[in-house]
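Peer 1: Residue numbers (our numbering), protein chains in the order written: chain A, 917 to 1389; chain B, 71 to 266; chain C, -15 to 594; chain D, 1480 to 1575.
These aren't lab readings, by the way, just hints derived from the structure by calculation.
Since no wrong hints were added, every one of them can be taken at face value.
On the chain C side, residues computed to face chain D include the following (Cβ under 10 angstroms):
hint, residue
1, THR570
2, GLY571
3, ALA572
4, LEU573
5, ARG574
6, PHE575
7, LEU577
8, ALA578
9, LEU581
10, LEU584
Don't be surprised by glycine CBs; every beta carbon is placed ideally from N, CA and C.
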Amino acid sequence: MIHLGLWLPLLAGLVLLLWPGLGRGFAVLTSLASLAVSLYLFAEYPGEGVAYASQTPFLLEAGVYYAVGLDGAGLLLWLAVNLVVLLGVWLADVPVRFLAYTLMMQTGLLGIFAAQDLVFFYFFFEASLIPALLMLWFYGGSERLRAIYTFALFTLVGSLPMLAAVFAVRFLSGAESFLYTDLAAKPLAGPAATWAFLGFLVAFAVKTPLFPLHAWLPSFHQQNHPSGLADALGTLYKVGIFAFFKWAIPLVPEGFREWQGLLLFLAAFGALYAAWLAFSAPDWKTLLAYAGVSHMGLAALGLFSGTPEGAVGALYLLGASMVYSSAMFLFVGRVYARTGSLETRPVRGLARYAPGLYVLGMFLLMAMIGLPGLSGFPGELMVLLGAYRVAPWLTFLAFLSVIAAAAYALTAFQRLFQEAPQAQAVSDMDAREWAFAGVTVGVLLLMGLYPRLFTAYLEPLGRALGALFGGAS
Amino acid sequence: MIGPWEALALLLLVASALAVVRLQNAVHAALALIANFLVVAGVYVALEARFVAMVQVIVYAGAIVVLFLFVIMLLSAASANVGPDLLPRLPWVAALGALGLAGLLIFVALQFSPPAAPGSLGGGLPQALGPLLYDPEKWLFALLAVGFLLLVATVAAVVLVEPERILTATTHPAHPKRVGPPDLPQGEKDGKAVVK
Amino acid sequence: MQETLLLPLVVGLPLLGFALLGLWGRRFGEPASGWVASLLVLASFLLGFYLLLQGGARWTLAEWLPGIPFSLRLDNLSGVMLMVVTGVGFLIHVWAIGYMHADPGYSRFFSYFNLFIAAMLLLVLGDSLPVVFIGWEGVGLASYLLIGFWYTERVNADSARKAFIVNRIGDLGFLLGMGLLWSMFGTLSISELAHKVEEGGYSFASLTLAGFFLLVGAIGKSAQVPLMVWLPDAMAGPTPVSALIHAATMVTAGVYLLVRHAFLLHADPFLSGLIVAVGLLTAIYGALCSLGQWDIKRIVAYTTLSQLGFMFVAVGVGAYWVAIFHIVTHAFFKALMFMTSGSVIHALGGEQDVRRMGGMRKYLPVTHLHGLVATAASGGLIPLAGFWSKDAILAYSFGYGPWLWALMVIASVLAALYSIRWYVLVFWGEYRGKEHPHESPAVMLWPNHILMGGAMGVGFIGLPYVIDYENFLEPFLVRAIGDFPHEKLPVLTEWVLIVLSATVAVLALLWGFRFFQQPMPDWYVRFQSAALQGFYVDAIYNALLVNPAKVLAGLLLGGDRGLLAGFGGLGGLVGGLGNLLARLETGALRFYLAGLLVALVLLLAWGVLR
Amino acid sequence: MIWLVASAIMFAIGAYGVLTRRTAILVFLSIELMLNAAALSLVAFSNLTGGLDAQVVVLFIIAIAAAEVAVGLGLIVAIFRRRETTNVDELRQLRW
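Hey, can you work out the whole structure from these sequences and the hints?
Peer 2: Put into structure tokens, the structure is as follows:
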């Protein structure tokens, strides 16, 4: 079942590339199927540990296995990815080939969360880049070349040290294979640990994105297709938190301890910095890009605190932000379809014409700035509780961003929807958008009001991480 | 240990070599090269390499340098230093480098200690070289390869000098006859580009 | 106290109203959606009252977040608040049915209104700090939505945004307080915290800090100095909003939060002193500002500020039940005052400037009666509700220190003055406007009748002990807050204080009644122009904080692009090196050969000389 | 031994020629000189050690030199036809 869930999107993507005539309906159907699979896996999950594990030797001599399986975090993120892809495929007005790339990238993302072998993780981590680059290349804006360079360079420059680290954790620690279980059994120690962690750090910080390696993100989002689908996938691709949590920290705990202070500071500072800066963002995509950096800064703060609450909060915030940020990107894509521009400055006053859109935007925005009761809050709270125990001052610094978040989000929102309309009348949501809105708002509320549904599965993971660091409850 | 003949040969060698690189008239330089080669051939004889000496005279002095002379005449390039000199300070570098190189090589050469009892060379006669040259265990395949190389070189020389004629001669008669500049691909000439 | 699912239902009913009206409000239309909303609040009130009679209730969802339950608790303290919120809330809902008549956003308004009630109930009933926080930010959201209800006007949208952002500063305090308490005690359940604080075994300084963080939160929500700037602007919302949210309920949430956490505060002289200082400053600042306003709603808004300051002082001096008492009386008379203003605005077709009012006692006799009672209660006329709660605060202040009592008397004199100023400007003199005033419909008058009754009579639930009439409220609340004993003032002192404060109030009211009917003297005009601007606090904040922050945001954006350019610079370094090396590629054959020769010599030399 | 020295001197003179001559033909001529110097050293070694293999190699050198001259001169002629010059300083299109 897990193999089906993992490879089905890729297969569907290839089919769609070969027979574009199948169209959007086909893509939606396969996404639905993927989501159904992941829901099934979620329902059947035993509650703890890696489930649905399966491993086959791939390069036995080198100790590489095709090994997949899902733990609580993987499941949560699988759900998020499948949901967002479904929403995106359903909503975004893009060519069929774009949809095919989307589906192909979906497999890469799912693979990142399911891989139980470090080499395969690396494979999926890098493979997801290809569709992302293709989307930017074929459907990007007029200055996409620069964005592509920046994106590819940041990613690839990050990847090479990571590859070195991948080999280091296997061969310098004397582990039997690249399997997670083998590697985690023998954490790397000594000076090598510092450097190996640095290798992971560079790659994962780019993908978190962690200040100051977030610099590729704004141009990436600005130049991507205005439908927001590529941006949504880019948001899903921000797997740094997960990668730190699943691989870097357990495999090289000693190296992590070396870097912890710096990482906490970068995370906290980045959270505030990006939120502050988002206030003067010239367009919505830039704004959302910085907002994402800010949220990931908070999540990173929680994770790097090394406390169980912090880790649970970070993962939850990651999953939640995948949904709300992606939905937000798709949402502004719909705004773009109506107004033809995404600049924040001119006052548009759309609320009068499109009250439905206004309400949806309000929900998304409030989830984004962490309003309690919506999906952003539980994660932020847990992050706060965890981080405060370790670094109260940095927590204070980071959480100043909740004020800044209110400022940037509401200011931009006011210009877009409120005040006297200065733009032409636009239509309100159509049936397709209503369906999107219904599902999105439902998920936001569910994640906000009953987080237990997911945190129950994250808790054991958080405790395990806490135990790694001397286990304060 | 240096006899008079040897001293003379050495003197001639160096003088003719210098003449090769310094004479302003290219024809004179080529002639100096012939002289140099002939002296070398003489040295070969003295060093018990008679077959090689003979080949040196026939092929090198006789054929190759004559070819040079022929080309010099063909291109009317007798005067040596025509056209711009972009690197006026290079001769100094070259002189210093050459001096250094010579010094080092001589230094190395003088450190060479020959074996006490050298084997017999058989006077370097074909009888001695033949078995080596045609021995499949030794040089036979190299010989064949060099033969092939010569063949290719001949073809290459012809193609380089007369590319168009070769093309015309080897094109199958069924194709339309080539006209126009040779470096345009066929399709473009016959196709739309010409219509315009 | 029983576990019961009825308790979440108390919160759920208004929430249901929010969902119903939000989704299908237009189908309900007017006035059905107004009545649906009102009746749901009434149902909530009745259900809450029933549960309170049962002796309270609780409801817990054990594992909501890891280690954090989702728990609600209805005890006497939250019960009183529940009664106020739903009771007064219901009346204001009904009143709004008339006031919002023919507004294009009629059903949207009631949907937001119900959302507010639900969030406020969650805030009041929550027994776990995150749950309280849900309500805490929920009321902030509702307030944001309602202030910006007529969002097509830029001013309204700006005010709403300002309110939300300033509130967020307080929320940050709340959040950090949760972080600190969690790191100290490992729990965020309020009842558990109370036990753990009693047990001891923690650093006292940390506890002070935790209290301080919560205080910051309370200051933000209750618009105390220095975060008071949002409340006057919040008057941009429709008048029912001002009455319900920005007078009767939401702004008192900060006070409620502090009272709820009395166990953190009562033993800490630093925090108590701070709270007293904040409250006193706010009481006087609000009163002075109110005396300079011309907009009828801003006048009342500043009076609210001042009254909230009184409540903070009560908390600071340790008179927790008195603070709640004042919340109750204030809810009645301030809601009445706002709705009277609203009725006047309604009668004048939206006019809000008191300079174009006056003489309303002839045109709107019933509303005039309401206004008179509201003024008297607010001004502290014995024996109306406002007098008893304010007198209790004064008495406790005397226990804290006679100097505080003296300052509070000044504040209450100012309170009497601003109340009478409002009354005089609106109802006396000659009518200065052009609209033809008309009395409000019954649906707006009846809620005011009831509130008027409350403003007159509700004071009798908490009479001072020297009066031989049972004080119902104090023992009732102390059961929930915890008993923090005070020395009771001697009977004689108490009587003297009562008489003094009653006399002072009457004198101030009388003097003000005459003073504000005459033309203003020069010194008052000068004072007024400063007070009108709120003593320039907004301008100072803008110059010192807001604008630099905005400019910095722009600079940071430029800096961030520079960051990318910096990374580009790293790439450029490589490129530059490449360019430098590429210049070696001259294409000149002899140049290359010279290199070859030099290299050959060097290599040979290295080999030979090694 | 003396012939090794002679070979070294000739090789250096040839190198000097390669660098100083600007006409392609004369550069080529100097290269021939260097080749010859190398051949001379081989023959000298053969004499010193008494092995015939070195002489065989000299034969190959001569043969290959012939091939090289054929192609090289062909190139020079072709270049001259197109560019009207054989000055190596003017022929510098192979650059960045």
